[in-house]
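Student: Protein sequences appear in the order of chains A and B. Counting from 1, position 43 in the first sequence corresponds to residue 43 in the numbering used here; the numbering is continuous, with no gaps. Counting from 1, position 265 in the second sequence corresponds to residue 265 in the numbering used here; the numbering is continuous, with no gaps.
It should be emphasised that the hints constitute simulated quantities derived from the structure, not laboratory data. What you are looking at is a predicted structure, and each value in this text was computed from that prediction instead of being measured. Any given hint could turn out to be false.
As the list claims (entries may be wrong) - Simulated crosslink set (DSSO-like; lysine-lysine; CA at most 30 Å straight-line):
hint, chain 1, residue 1, chain 2, residue 2
1, B, Lys489, A, Lys175
2, A, Lys55, B, Lys440
3, A, Lys120, B, Lys489
Unchecked claim - Listed next, the stretches of chain A that the computed footprint assigns to chain B, with coverage defined by at least 3 CB atoms under 8 Å from CB atoms of chain B:
hint, region
4, 7 to 16
5, 125 to 135
6, 151 to 162
Beta carbons: idealized from backbone N, C-alpha and C, even for Gly.
Given next are the chains, with one letter for each unit.
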Amino acid sequence: MLTPILIFTLAALLFGVLLALAAIKFRVEGNPVVDKIDAILPQTQCGQCGYPGCKPYARAIASGEADINQCPPGGEQGVIALADLLGCEPKPLNAELAAESSDVPMVALINEETCIGCTKCIQACPVDAIVGAAKQKHTVLEEYCTGCKLCLPPVCPVEDCIVMEEVQATAALWKWSEPEQVSEPMRRTG
Amino acid sequence: MFKKRLSKSPLFARKKKLYGGVNLPGFKSLSNTTRIETLPISPQLVMPLKQHIGEPAKPVVEVGERVLKGQVIAETSGYISAPVHASSSGIVAAIEARPIPHAATIKEPCIVIHTDGKDEWHPAIQPVPKPLKLPAAEIRQRISDAGVVGLGGAVFPSAVKLKPTREIETLIINGVECEPYITCDDVLMRYEADAIIQGALLLARIIKPHEIVVAIEDNKPEAYQSLVNAVERFEQAGVTAVSIINVTQVPTIFPAGGEKQLIKVITGKEVPSGSLPYEVGIVCLNVGTTAAIHDAIYYGRPLVSRIMTVTGDAVGSPGNYRVLLGTPIDFVLSQAGVTAHDDVAVIMGGPMMGVAVADQSVPVVKAANCLLIKSDRQIRQPVASMPCIRCGQCASACPMKLVPQQLYWHARSKSFDKLVTYHIDDCIECGCCQVVCPAKLPLVHYFRFAKSELKAREQERKKADISRLRSETRLLRLEKIKQEQEERKARRKANRKRAASRGDGVVSSATAKPEVSATQQQSPDLESVESPAASESDDQPRTMVR
Numbered sequence: 001m002l003t004p005i006l007i008f009t010l011a012a013l014l015f016g017v018l019l020a021l022a023a024i025k026f027r028v029e030g031n032p033v034v035d036k037i038d039a040i041l042p043q044t045q046c047g048q049c050g051y052p053g054c055k056p057y058a059r060a061i062a063s064g065e066a067d068i069n070q071c072p073p074g075g076e077q078g079v080i081a082l083a084d085l086l087g088c089e090p091k092p093l094n095a096e097l098a099a100e101s102s103d104v105p106m107v108a109l110i111n112e113e114t115c116i117g118c119t120k121c122i123q124a125c126p127v128d129a130i131v132g133a134a135k136q137k138h139t140v141l142e143e144y145c146t147g148c149k150l151c152l153p154p155v156c157p158v159e160d161c162i163v164m165e166e167v168q169a170t171a172a173l174w175k176w177s178e179p180e181q182v183s184e185p186m187r188r189t190g
Numbered sequence: 001m002f003k004k005r006l007s008k009s010p011l012f013a014r015k016k017k018l019y020g021g022v023n024l025p026g027f028k029s030l031s032n033t034t035r036i037e038t039l040p041i042s043p044q045l046v047m048p049l050k051q052h053i054g055e056p057a058k059p060v061v062e063v064g065e066r067v068l069k070g071q072v073i074a075e076t077s078g079y080i081s082a083p084v085h086a087s088s089s090g091i092v093a094a095i096e097a098r099p100i101p102h103a104a105t106i107k108e109p110c111i112v113i114h115t116d117g118k119d120e121w122h123p124a125i126q127p128v129p130k131p132l133k134l135p136a137a138e139i140r141q142r143i144s145d146a147g148v149v150g151l152g153g154a155v156f157p158s159a160v161k162l163k164p165t166r167e168i169e170t171l172i173i174n175g176v177e178c179e180p181y182i183t184c185d186d187v188l189m190r191y192e193a194d195a196i197i198q199g200a201l202l203l204a205r206i207i208k209p210h211e212i213v214v215a216i217e218d219n220k221p222e223a224y225q226s227l228v229n230a231v232e233r234f235e236q237a238g239v240t241a242v243s244i245i246n247v248t249q250v251p252t253i254f255p256a257g258g259e260k261q262l263i264k265v266i267t268g269k270e271v272p273s274g275s276l277p278y279e280v281g282i283v284c285l286n287v288g289t290t291a292a293i294h295d296a297i298y299y300g301r302p303l304v305s306r307i308m309t310v311t312g313d314a315v316g317s318p319g320n321y322r323v324l325l326g327t328p329i330d331f332v333l334s335q336a337g338v339t340a341h342d343d344v345a346v347i348m349g350g351p352m353m354g355v356a357v358a359d360q361s362v363p364v365v366k367a368a369n370c371l372l373i374k375s376d377r378q379i380r381q382p383v384a385s386m387p388c389i390r391c392g393q394c395a396s397a398c399p400m401k402l403v404p405q406q407l408y409w410h411a412r413s414k415s416f417d418k419l420v421t422y423h424i425d426d427c428i429e430c431g432c433c434q435v436v437c438p439a440k441l442p443l444v445h446y447f448r449f450a451k452s453e454l455k456a457r458e459q460e461r462k463k464a465d466i467s468r469l470r471s472e473t474r475l476l477r478l479e480k481i482k483q484e485q486e487e488r489k490a491r492r493k494a495n496r497k498r499a500a501s502r503g504d505g506v507v508s509s510a511t512a513k514p515e516v517s518a519t520q521q522q523s524p525d526l527e528s529v530e531s532p533a534a535s536e537s538d539d540q541p542r543t544m545v546r
């Protein structure tokens, strides 16, 4: 009677110690789910989701604090990818947020005539895509601009100095439209 | 040893046959009965900076400058790139974005030249006395400088193809013009066979192949005869190098002229997915490209014009024209006797693989082998299609051994990851599947849609990676600045405290002990960059001026 109890107690102790050691040895730094979610997010860093950037939003989703449909730049595809990853049902984009954002990719453009060189937009840009110095004209590095609109007034104190423009279509970026579904109704014969 | 014997036995011999493909009506006699005509110089030439695959060329001329025919107006800007030359003499009127040949109205940077009609060659362009004596590296450099790209339609810079890293067994000169209507290579072979053979010999000097195969479809007997005669002439003239040239006919089937398809038909080898032909010991060049290489070396002339078929039921005088690159298409149309410009659809390329251009003012580019002008606009209307019944005919017709029906279903449901596993990248958009489809589904359109969507996604992903990195770096930087500021604040606070305690001491002991100077407090930036030795001195009392 006593032997099995002893054996099992010892075994339980042994495995407990092993597991504890493994937990220390194979500890994963950070939350791997956060990185996976972050990889899906479009990295515009626009803050439309209510979090200051894509990584914080990813953390919020991982902790269950935020919903997966708060990212308009990611679009429906993004929501579906997140739902796939997290094993939940995809849902339509937050309508309020979706209404404010546009589908076409945009970039910021600084009017160099009216720029006063206040550096406020430089500080606001989440991806360092604006260059300039105090009392010097600023300009946007189009290649790196994510179109987040964080540099627009009221950040920029001058009206109409920074505007959003559509990205110019080039042959390399042009997309074929989705074919229209033109099908005749099936006809039964006989 | 054993392997070699195996491959020689008929049982294991590679099948030299195209997989799939379709037989199409040719409509070639519309345009191949007349000789090549030279089109007059258009008053305006529009030269796009990107007429090839790779990096766009960089302009080296300025607005208002006079340029001569054959002068470099934009130079290469990378390994895979090609220069652009002025097609005729004139004044550079503008360097700006203009519509380019495309299915949509898309503007890309172009150099606009107002021609003066003199067609004056640049003085540096001189014939080479003994071209076949030139060293291989120089021939290759000259081909690169002449802006020669694949004129069959792929416009891949030819000089890049001519630097293979392994031994080349076969050089294939592609005269298999398999698409209906197009005859520009056909007439070139008929009337300029010598240039093609001489071009092939030049190529042989660079890549040193064991044999050269000039492949021609068996529906072009005149072209075949012309090339055979040319080889005989060279043989009689004592050019021994032509002994490795083998002019051969291949069965007429579409798309036997595709690079990978022709390699299969000629050698029986298959180029693996994602590989280039040189990796299996083959280089394949179009006859037009070969002739352009001949011109570039023998006459020193860069690629400033090309032969283009202008055909279709709406053309008054269909035929083949030598057109200066940059000539606007509407100018070509009026010269070729197309009267009603508004009622025609213009397809650049053939009926199978070409695209309907959105704007008729676009220029002729290096890739433009054919203008197909259709009077009825029906081709733009979507054809009523029936549901896919999974008959599998598309899979038997696909020359790339893909499964178009499966690609169709996944493209339709936008399962782009699945499309990658079904190798949509290998689709050459030849349209065979669409021809045989009994449901008349717009399959190629689906594949083009899916491919461009995949490409866009890839680009978005790359941009997101860059943005993530930039954002993370910025946050790190901000964090560092904040930390430094806090450290500075803490140090100042500590200093003040110490000073205060010493201040108390002053009262009690009545010995003048100085505290931290006011000036030092006002310049925290200086303090933070002090060397460790200097910061140690903080501990020591400093003289104070109050």
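Student: Output the indices of the hints that this structure fails to meet, ascending.
Tutor: Hints 1, 2, 4 and 6 are the ones this structure does not satisfy, whereas the remaining hints hold.
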